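Peer 1: Okay, here's what each chain looks like letter by letter:
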Amino acid sequence: MRLTPRGAGVLAAAVLLYVLGEVAGYVLLRALAGAAAGAVLAGVAVTLRRPRVAVRREISANRIQRGGATTAKLVVSNPGTRRQPGFTARELSGHGEVVDVESLAPGASETYNYKLTGRYRGRITVGPLTLERTDPLGLLRRPVAAGDTATLWVYPPLRSAKAPGAGHPRHHHDGPTTDDSLHGSADLRDVREYVVGDEVRHLHWKATARTGRLMVRDYVDPDHPRFTLLLDTRPPVLSAAEFEEAVELAASLVNAAATAGHRCRLLTPAGADVTTNGGAVGVRPLLDVLCEAVQEPGEAMVPPALRRPGMRGGCLVVVTGRASKDLPRLAGVRAHFSALYVLGVGTHGLGMDGLGVHGIDGVPGARRLSAPDAREAVSRWNQMVS
Amino acid sequence: MNTQIPRSAEAAMLATTALGGLLFGPVFGIPALLPGLVVVLTTFGVAELCRRRPGLVPWRPLLVPAAGLVAIVETVLPGTTLGGLPTAASVSVLADGALHGWQRTLQSTWPAVPEPRLVVFVPLLVLLAALLGLELLHRTRRPLLALVPALLVVVLSQAYAAASGLTAVLAGLGLALLAALTVLACRGRRSPLLVAPALVLGLAGAIAAGAVHPTGRPAYSLREDQPAPVPAASVASPLDDIAARLRTPATPVFRYTAPEPVAAWPVAVFDDFDGANWRADTDFRRVGREIAPGPAVSAPVTRRSARVEVTGLSGPWLPSQTWPASVEGVPALVDEHRGTLVAERSAAGARYTVGWWEPQTDAAALRDAALDPRAGLGGLSEVPPEIDALAEQVLPGLRPSFQSALALERFLAQNYRLAVGTDLPTGHGWPQLRRFLVEDKRGTSEQFAAAYVALARLRGIPARLVTGFRAPERPEPDGTFLVRNANAAAWPEVAVDGVGWVALDPAAGAARSGTGATGVAAAVARVRAELPPDPQLQNPEIAPGSSTTDSSESGVDWTALSIAVAALLAAVALGWLVGVPATVAARAWRRRRRTGRDAVLGAWAEARDRLRAHGIAVTAGTTVRDLAATAAPLTGPAATQGLDTLARTLDAALWSGAAPPEAPATAWAAVRTVRESLAQRPWRERLRAALNPAVLRRPR
Chain V
1 MRLTPRGAGV LAAAVLLYVL GEVAGYVLLR ALAGAAAGAV LAGVAVTLRR PRVAVRREIS
61 ANRIQRGGAT TAKLVVSNPG TRRQPGFTAR ELSGHGEVVD VESLAPGASE TYNYKLTGRY
121 RGRITVGPLT LERTDPLGLL RRPVAAGDTA TLWVYPPLRS AKAPGAGHPR HHHDGPTTDD
181 SLHGSADLRD VREYVVGDEV RHLHWKATAR TGRLMVRDYV DPDHPRFTLL LDTRPPVLSA
241 AEFEEAVELA ASLVNAAATA GHRCRLLTPA GADVTTNGGA VGVRPLLDVL CEAVQEPGEA
301 MVPPALRRPG MRGGCLVVVT GRASKDLPRL AGVRAHFSAL YVLGVGTHGL GMDGLGVHGI
361 DGVPGARRLS APDAREAVSR WNQMVS
Chain B
1 MNTQIPRSAE AAMLATTALG GLLFGPVFGI PALLPGLVVV LTTFGVAELC RRRPGLVPWR
61 PLLVPAAGLV AIVETVLPGT TLGGLPTAAS VSVLADGALH GWQRTLQSTW PAVPEPRLVV
121 FVPLLVLLAA LLGLELLHRT RRPLLALVPA LLVVVLSQAY AAASGLTAVL AGLGLALLAA
181 LTVLACRGRR SPLLVAPALV LGLAGAIAAG AVHPTGRPAY SLREDQPAPV PAASVASPLD
241 DIAARLRTPA TPVFRYTAPE PVAAWPVAVF DDFDGANWRA DTDFRRVGRE IAPGPAVSAP
301 VTRRSARVEV TGLSGPWLPS QTWPASVEGV PALVDEHRGT LVAERSAAGA RYTVGWWEPQ
361 TDAAALRDAA LDPRAGLGGL SEVPPEIDAL AEQVLPGLRP SFQSALALER FLAQNYRLAV
421 GTDLPTGHGW PQLRRFLVED KRGTSEQFAA AYVALARLRG IPARLVTGFR APERPEPDGT
481 FLVRNANAAA WPEVAVDGVG WVALDPAAGA ARSGTGATGV AAAVARVRAE LPPDPQLQNP
541 EIAPGSSTTD SSESGVDWTA LSIAVAALLA AVALGWLVGV PATVAARAWR RRRRTGRDAV
601 LGAWAEARDR LRAHGIAVTA GTTVRDLAAT AAPLTGPAAT QGLDTLARTL DAALWSGAAP
661 PEAPATAWAA VRTVRESLAQ RPWRERLRAA LNPAVLRRPR
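Residue numbers (UniProt numbering), protein chains in the order written: chain V, 1 to 386; chain B, 1 to 700.
Hints may be right or wrong, so weigh each one.
Partial selection, computed: residues in chain V whose CB lies under 8 Å from chain B [as the list claims (entries may be wrong)]: (1) L28; (2) L29; (3) A31; (4) A33; (5) A37; (6) A39; (7) A45; (8) L137; (9) G138.
Derived Cβ-Cβ restraints for the label pairs, each shown as a range [unchecked claim]: (10) B:S8 x V:V15: 21 to 31 Å; (11) B:R700 x V:N277: 51 to 61 Å; (12) V:Y114 x B:P218: 52 to 62 Å; (13) B:P61 x V:G86: 30 to 40 Å.
Keep in mind the hints are simulated off the structure, nothing from the lab.
Quick caveat: nothing in here was measured; it's all calculated off a predicted structure.
All residues carry an ideal CB built from backbone N, CA and C; glycine is no exception.
Take these sequences, add in the hints, and give me the full structure.
Peer 2: Next comes the structure, spelled out in structure tokens:
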């Protein structure tokens, strides 16, 4: 049981008035102090009984965009045999949403809907609920934690972006593949060591014989477009506000590409590396990573994972900011991708480099785009890729 | 600023401020304060205007004082307006009231004269508190913070004149209630049942804390530090003048006209003696509207008055009476505790009407009267041993009482002689008193009175020395009484329980002023005449059980208050326990008496309200079939069937043009089914339903 600020004020006023009434001999002030103290005591009496109810929270959508909202449903039921007076349910975390629960008859159950809004990007733990019974004058409250927690993912806002054009077919290392491949055409991308789960049909016997270890062919669909996005999370490159814009841009592009069916890969210099097969299902892991992306120090802009063989090819998009001295290093991976876009977000200020992406002149075929915020960047991207 | 502050919160806050203003009632009287409190209404009006026109909200801090000041000028200072418009005079009075009115009020007796210059500071204070409260309420949205200015007005009103007893407790409760209403209004709709503990405990707390007063300090008032400035002219003690006046007996001093005989005209009262001089402690105030008789007077009083015309008094003192009530015609200061009057300017030539209170008593009551120990004995300094010995000899074995006071008077009157002629002894210090009491045994009324007071105090009789003029024996031909120097005298007064100060006159044993005195003087004369000789004087019986400790010091009858509160609570409880079922039954009876379609509608309303009483949620839009579905778990199949019947009957009655003749009976039969199945519920639930006051309201 705790005094609210108002209750503390009333109690302090009661003491003050009583002392004044006693010292100066004013009955009226003493009576007023007595009434105030009586009100606080009544608050104690009213809040003494803690709410005995069962509460369950259901969140209709646990992934929302920043600035959006989702509806949370609070089902309050009274399993006891006595009527439960009303109380206030307050989310302990999140944004402290408040629900006023009316009194409940025994065995009754009531549903309350309230809005959970996502004001900041990130993963938010909603709950546990605090059930609070306050007295009518709001002098005392008795909080009781109840219910479980839920996770709410607040994604960056997704703007409608166009997916880049598909990549072109690559050179075949092992001769032309058959047209009647089981899953459509298959393009031999690599020969690598066998791992459990690989299809035995794809064993490359020649290589196995040469190396003495089981080797398999790694096929990809040559027509399957690929989209790789490198988000620069190093702190010197982007300020905190600019980073939010960069994440918003990255999310918009990844969302567009994955929804368009591109195989997508998302990398950061800090080591995050997610690959999905595209489609609506493939969007979520990528956006989850972007939801939690934070700026963290990393050494080089191009992570080692991008240099190693793996899902490469297709289009590489680098979302960065003031990164001019690192940009020439993109030349090292340029050959693995059919297209390279360097997107700079943020106001660069009046530094030496001025506004915009600089320093990619040495990278062949790289296209660049600079914009002050994500909205502008997406709009220019749409013009560039169409 | 998501929601507006509700109108009711503003109203409660402003009512608190107005109550704070009304607590200045003891100072001016409630009727004098009421016009000024119109500022609360104008403030509410401005707040309402700003609610309707949100564009005016930034101007509210200016609009509130402007409207309030105009309202104050129109209601409190109508005399300064010209054709209803405020003038420069209004501004000057407002400024004077704000700067000096509060102080002049403190220097006056209470209730003060409700003249605008004095009263106007209260409405100005209320206006300021209302303005601050309103802005705090809207800007901070904290109702209790908004009540702080009003609370400060309350504290200030108490610092002026503290309310006491029942009034104080009721006012404190009222303030607490208004504060609670302000908070509740800001918090929105709450269960009224949960407010009940706060009401009950607040009531109990107010009564308990009002009664508990461990230090027992008397109420402090700002006026204690604000005596009225006494005129700077040198104040010669009228006690020193007596002998001089007696030498020129024919010189007129003042003339008075009174409808009833007056015994004497006191001029100055001396209650402290330092061995050489008698001093008058003074506590002068401006004369207000009417001065109540002092707390020492519990006997009924009658109002007397006389018209006085001063001719031969040069000092500031004016002839007065023991309990003056009013002085008109001359600006005067009054010492409420002693009754002395002082002219604010020169006393010479003053013409005034003085009103006073005369305690009603008769000889029988006075004979057995005790003395008032609260009056105090006063100082005597170092008493010469001869006088101490003399005091031991007179009245042997008699306790202080009015009879012993009279016996002492008789002792002086019989054993001492009044000095007449030209060789008059003067002085009233111990040496002169010793000579008078032990050696000469001859003196003027000055020595008689001073010696009486000294001996009385040595015997434990509360007494004080008064100088003034005895009333002349017969009026002048024109009906007025002319008081001359020959009437100058000093006499002692003793404090009698319930009657206050009663004048005795040891010097006038032989030459008693025989103006056919009435009132207290006549009663004293009767008792004096019937006083038994000294050897037969006996101490009065002390009534068994009477104690000197005063149990009801605070003046509040707590038993009566507790009974009143208990009766109030009982009335509320009875109103609930009996009122709710009775109202429900009366409503059902009324519904059943309707005919045709109305009867069916009444049956539906009755069934709905019966189910509502059991806690089933019903809104204005609930249909019979909705209700049947909601109520099914609570009532069982019979009631559901009954409600189905009711639904069909209702449909037929409402939509088939005319209600079938058997419809009312069918509908009410359905209601009976519902009631029967509700009667199967546990008795506790049924009791709760029977007492549920929510069903008296329409569903919303």
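Peer 1: Against each hint, give a clear statement of whether it holds in the structure.
Peer 2: A quick look at each hint next to the structure:
With 8 Å as the threshold, the beta carbon of V:L28 comes within range of chain B, its nearest partner Cβ sitting at about 4 Å, so the hint holds. Contact between V:L29 and chain B, as hinted, is supported at the beta carbon level, the nearest pair being about 6 Å apart and thus within 8 Å. Contact between V:A31 and chain B, as hinted, is supported at the beta carbon level, the nearest pair being about 3 Å apart and thus within 8 Å. Interface restraint check: V:A33 against chain B, minimum CB-CB distance 5 Å, threshold 8 Å, status holds.
Given the 8 Å rule on beta carbons, the hint for V:A37 holds: about 5 Å separates it from the nearest Cβ of chain B. Here the hint on V:A39 is kept, as its CB sits about 5 Å from the closest CB of chain B, short of 8 Å. With its C-beta approaching chain B no nearer than about 5 Å, V:A45 sits inside the 8 Å limit, and its interface hint holds. Given hint, V:L137 at the interface with chain B, holds; its Cβ is 5 Å from that chain's nearest Cβ, closer than 8 Å.
For V:G138, the interface hint holds, the least distance from its beta-carbon to any beta-carbon of chain B being 6 Å, beneath 8 Å. For the hinted restraint 21 to 31 Å between B:S8 and V:V15, the CB-CB distance of approximately 29 Å keeps it satisfied. The hint said 51 to 61 Å for the Cβ distance between B:R700 and V:N277, and at roughly 56 Å that hint holds. One distance hint, 52 to 62 Å for the beta-carbon pair V:Y114 and B:P218, holds here, with the actual separation near 58 Å.
For B:P61 and V:G86, the hinted distance range of 30 to 40 Å is satisfied, since their beta carbons lie about 38 Å from each other.
Comparing the model with each earlier hint shows no violations; every hint is respected.
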